[in-house]
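Work out the full structure: start from the sequences and follow the hints.
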Amino acid sequence: MSRIGKQPIEIPQGVNVEIRNDMVRVKGPKGELSYTLPDGIRASLIDSKLLLERGSDTKVDRALHGLARSLLSNMVKGVSTGYERVLEITGIGYRAQVKGNKIVFTLGYSHPIEFELPLGVSAKVDEKQTTITLSGIDKQLLGQVAANIKELRAPDAYKGKGIRYAGERIKLKAGKTGKK
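Those letters in the sequence shown? Residues 0 to 179, by numbering that gives the first Met the number 0.
There's no promise every hint is true.
So the derived label-pair ranges between C-beta atoms look like this [claimed, not checked]:
no., residue 1, residue 2, range
1, L171, V59, 40 to 48 angstroms
2, K58, Q6, 48 to 56 angstroms
3, N15, E150, 35 to 43 angstroms
4, A165, K98, 21 to 29 angstroms
5, K5, D155, 39 to 47 angstroms
6, E9, Q143, 48 to 56 angstroms
7, R24, K123, 22 to 30 angstroms
8, T35, E150, 26 to 34 angstroms
9, T130, K158, 42 to 50 angstroms
10, K158, S69, 36 to 44 angstroms
11, R2, R94, 43 to 51 angstroms
12, L70, L118, 15 to 23 angstroms
13, I91, L50, 49 to 57 angstroms
These aren't lab readings, by the way, just hints derived from the structure by calculation. Glycine included, every Cβ here is placed at the ideal spot set by N, Cα and C.
Shown next as structure tokens:
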């Protein structure tokens, strides 16, 4: 049996889980998410715990068992507490500003870059305009938005200038040596 899949998911107070056929809908104080279970996986709600069971022991079903459990656990955490992803901008003159549902970046290009945030993701920029905090309830969507923002100016291998995740360490190359 899948080690991850067999673990029950604790449902915190204030979160409602509704199971209809293969659809699991999770509602909480932060919002609502839904997930369609793959074939061969069944969900049941027992004493404020969500349990997942699989129909057979095939390799595909074992893999989907753990995957479905992880996705549902992320949904429960997302609607109750939410997720945050912090990005740091490094480089002279590099900055970001939030304007409505857009982030306007100045990243050393000849033009400012406007990045439109999808529905369900919000952003805050600190007063120095070099730290962006993304927040939302969908972990996958939040991670994808953070990756798309990082892609606008990936960290440079020689000076480390660009957008990186908070706490990410960049190994810098030595570069050219001076004249002898």
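Cross-check of the supplied hints:
Between L171 and V59 the CB atoms are about 43 angstroms apart, so this pair conforms to the stated range of 40 to 48 angstroms. For the pair K58 and Q6, the beta carbons lie near 20 angstroms from each other, so the given range of 48 to 56 angstroms is not met. At roughly 37 angstroms, the beta-carbon separation of N15 and E150 lies within the given 35 to 43 angstroms, and the hint holds. Between A165 and K98 the beta carbons are some 23 angstroms apart, a value that agrees with the proposed interval 21 to 29 angstroms.
Checking the proposed 39 to 47 angstroms range against K5 and D155 shows it holds: the Cβ atoms sit about 45 angstroms from each other. E9 and Q143 have their C-beta atoms about 27 angstroms apart, which leaves the hinted 48 to 56 angstroms range violated. The hinted window of 22 to 30 angstroms between R24 and K123 holds, with their beta carbons roughly 29 angstroms apart. For the pair T35 and E150, the supplied restraint of 26 to 34 angstroms holds, since their beta-carbon distance comes to about 29 angstroms.
Checked against the hint of 42 to 50 angstroms, the C-beta distance between T130 and K158 comes to roughly 19 angstroms, which is inconsistent with it. One distance hint, 36 to 44 angstroms for the beta-carbon pair K158 and S69, holds here, with the actual separation near 38 angstroms. Taken as a hint, the range 43 to 51 angstroms holds for the pair R2 and R94, whose Cβ atoms sit roughly 45 angstroms apart. Distance hint check: the CB atoms of L70 and L118 are about 20 angstroms apart, consistent with the given range 15 to 23 angstroms.
The given range of 49 to 57 angstroms is respected by I91 and L50, whose C-beta atoms sit roughly 54 angstroms from each other.
Of the numbered hints stated above, those contradicted by the structure are hints 2, 6 and 9, listed in ascending order.
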